[in-house]
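Novice: Single-letter residue listing:
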Amino acid sequence: MADSYYDPKDLRKFPKITDWNQELGDKFFEYYGKVFEKGALSEREKSLIALAVSHVVKCPYCIDAYTQDGLQRGITKEEMMEAVHAGAAIESGATLVHATQMMKKYDKLSH
Amino acid sequence: MATKSLLARKKLMAKAEEQLKFLSNGIFKDELPTFRHQLEKIEDFPLKPKALEILQLNLGYMCNQVCEHCHVDAGPDRKEIMTRGTMQQCLEVIKTTKAHTLDLTGGAPEMNPNFRWFVEEAAKLGVKDFIVRSNLTIIRANKKYYDLPEFFKKHNVHVVSSMPHWTKGKTDKQRGSGVFDKSIKALQDLNAIGYGLPDSPLKLDLVYNPSGAFLPSNQEALEQDFKKALKEDFGIDFNSLFTITNLPISRYLDYLIASDNYEDYMYKLVEAYNPAAVKNVMCRNTLSVSWDGWLYDCDFNQMLEMKVESPIQHIKDYNEEQLQERSICVSQHCYGCTAGAGSSCQGSVV
Numbered sequence: 343m344a345d346s347y348y349d350p351k352d353l354r355k356f357p358k359i360t361d362w363n364q365e366l367g368d369k370f371f372e373y374y375g376k377v378f379e380k381g382a383l384s385e386r387e388k389s390l391i392a393l394a395v396s397h398v399v400k401c402p403y404c405i406d407a408y409t410q411d412g413l414q415r416g417i418t419k420e421e422m423m424e425a426v427h428a429g430a431a432i433e434s435g436a437t438l439v440h441a442t443q444m445m446k447k448y449d450k451l452s453h
Numbered sequence: 004m005a006t007k008s009l010l011a012r013k014k015l016m017a018k019a020e021e022q023l024k025f026l027s028n029g030i031f032k033d034e035l036p037t038f039r040h041q042l043e044k045i046e047d048f049p050l051k052p053k054a055l056e057i058l059q060l061n062l063g064y065m066c067n068q069v070c071e072h073c074h075v076d077a078g079p080d081r082k083e084i085m086t087r088g089t090m091q092q093c094l095e096v097i098k099t100t101k102a103h104t105l106d107l108t109g110g111a112p113e114m115n116p117n118f119r120w121f122v123e124e125a126a127k128l129g130v131k132d133f134i135v136r137s138n139l140t141i142i143r144a145n146k147k148y149y150d151l152p153e154f155f156k157k158h159n160v161h162v163v164s165s166m167p168h169w170t171k172g173k174t175d176k177q178r179g180s181g182v183f184d185k186s187i188k189a190l191q192d193l194n195a196i197g198y199g200l201p202d203s204p205l206k207l208d209l210v211y212n213p214s215g216a217f218l219p220s221n222q223e224a225l226e227q228d229f230k231k232a233l234k235e236d237f238g239i240d241f242n243s244l245f246t247i248t249n250l251p252i253s254r255y256l257d258y259l260i261a262s263d264n265y266e267d268y269m270y271k272l273v274e275a276y277n278p279a280a281v282k283n284v285m286c287r288n289t290l291s292v293s294w295d296g297w298l299y300d301c302d303f304n305q306m307l308e309m310k311v312e313s314p315i316q317h318i319k320d321y322n323e324e325q326l327q328e329r330s331i332c333v334s335q336h337c338y339g340c341t342a343g344a345g346s347s348c349q350g351s352v353v
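Top line first, the protein sequences correspond to chains Y and B.
The opening position of the first sequence corresponds to residue 343 in my numbering, with each subsequent residue numbered one higher.
The opening position of the second sequence corresponds to residue 4 in my numbering, with each subsequent residue numbered one higher.
Wrong hints could be hidden among the right ones.
Stated by the list, open to error - Think about it this way: if two alpha-carbon atoms lie no more than 30 Å apart in a straight line, the pair counts; the simulated DSS-like pairs of lysine-lysine are: (1) K7/B / K419/Y; (2) K282/B / K376/Y; (3) K185/B / K419/Y.
To be verified - For the chain Y half of the interface with chain B, some residues (derived, Cβ under 7 Å), not all of them: (4) K376; (5) T409; (6) Q414; (7) G416; (8) T418; (9) M422.
Because the hints were derived from the structure by calculation, they are not lab data.
What you are looking at is a predicted structure, and each value in this text was computed from that prediction instead of being measured.
We put the CB at the ideal spot given by N, CA and C, even for glycine.
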């Protein structure tokens with residue numbers, strides 16, 4: 343096993359996933375590119391959403407990529423951190439909202 | 004933040020020869036293609052000039068600022084200044100050149116003691132677009148410079164100024180403490196006499212270069228963000244924003260190496276290489292003149308001491324027709340001008 347499972351240099355190899363399945367790889371990259379084009383949302387807004395999601399899914403490659411993308415777009419560190427908090431709030435909220443299940447079950451089983 | 008140039012600090016990357024050696028070894032030995040190789044692939048080697056449009060004069064490396072990423076390694080300790088004699092040789096060239104744009108740069112060109120005399124003389128020669136690259140803070144640096152906006156207006160000078168971000172934190176980090184506030188005041192002074200206002204003939208453009216080891220994003224989108232923020236926060240207007248990619252030379256190269264970003268940055272530049280940008284790189288329509296009168300393909304080649312490959316190498320011997328026959332000198336730093344939408348002193352080129 344490599345010293346570090348996630349090597350930042352491996353991000354450069356991302357396009358090579360098409361080597362083992364050209365059709366699906368091409369379709370993915372086409373879709374990916376289209377998603378981040380300017381639409382009802384600006385490219386800047388999409389970059390911040392991507393940064394927040396990168397943290398929620400805990401993808402080191404995505405965090406590197408969208409921190410850099412944000413810098414390129416002039417996004418400030420305050421904006422980036424707020425976006426990460428928005429993601430973190432949803433993630434922790436998703437955990438905490440399950441407490442209602444716990445409470446319901448607790449009440450049902452208890453006198 | 005450093006207060007002295009690399010030269011004064013006796014740093015290795017102050018030497019052009021060392022920079023070129025560094026840029027031609029390491030990853031460019033066995034991992035990444037050289038810039039020359041890219042040109043050969045599109046049959047554009049040797050790179051040849053197109054019609055000359057811009058004559059860029061570097062009036063000296065002295066500057067009141069010591070910016071983190073300065074490709075000139077400019078600063079208060081730099082003493083290289085164009086003399087009136089060399090300026091007179093430049094004026095002779097301006098009289099006959101086919102270039103429609105005269106572009107004065109530095110350092111801070113305003114710090115040259117003969118700056119005003121030269122602008123007055125050059126303005127009489129009817130240059131179509133007369134650019135002064137002002138760092139803005141010089142206007143507020145000393146009382147003797149307070150009237151520069153009026154002076155620029157009197158000679159119909161087109162002002163192009165650096166502004167790395169619309170927030171104080173990012174600007175001061177790159178250009179020095181207090182730079183943002185002084186720049187805002189200088190922009191307001193320029194606006195007050197008509198510069199950068201809608202429908203005004205007095206042009207005020209801003210130059211953005213990234214404050215770190217990343218490439219600039221889309222020029223139009225950044226221009227919109229700059230315009231919105233500077234208008235809302237400070238009531239400032241300007242005409243256009245030029246995005247410039249930081250080229251891996253001088254102080255920026257030193258920064259990339261020291262911060263362990265060099266390899267990643269060069270990969271980014273090579274991955275973003277756009278053959279379409281080669282068609283319009285600025286070295287093809289520009290000639291750069293150094294403070295001591297030597298001729299270069301661009302200001303970056305000047306800093307790397309790569310003189311034009313021509314029998315005519317000095318302004319005193321200037322012959323435009325002969326210079327147009329030269330081949331342009333290239334090295335790995337040229338990737339900075341061909342990444343993405345390309346980069347030049349006039350912004351994107353694609």
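Novice: Indicate, hint by hint, whether the structure satisfies it.
Specialist: Do the hints match the structure? See the list:
no. : hint            : result
1   : K7/B / K419/Y   : 28 Å, holds
2   : K282/B / K376/Y : 28 Å, holds
3   : K185/B / K419/Y : 23 Å, holds
4   : K376            : 17 Å, violated
5   : T409            : 9 Å, violated
6   : Q414            : 4 Å, holds
7   : G416            : 5 Å, holds
8   : T418            : 6 Å, holds
9   : M422            : 12 Å, violated
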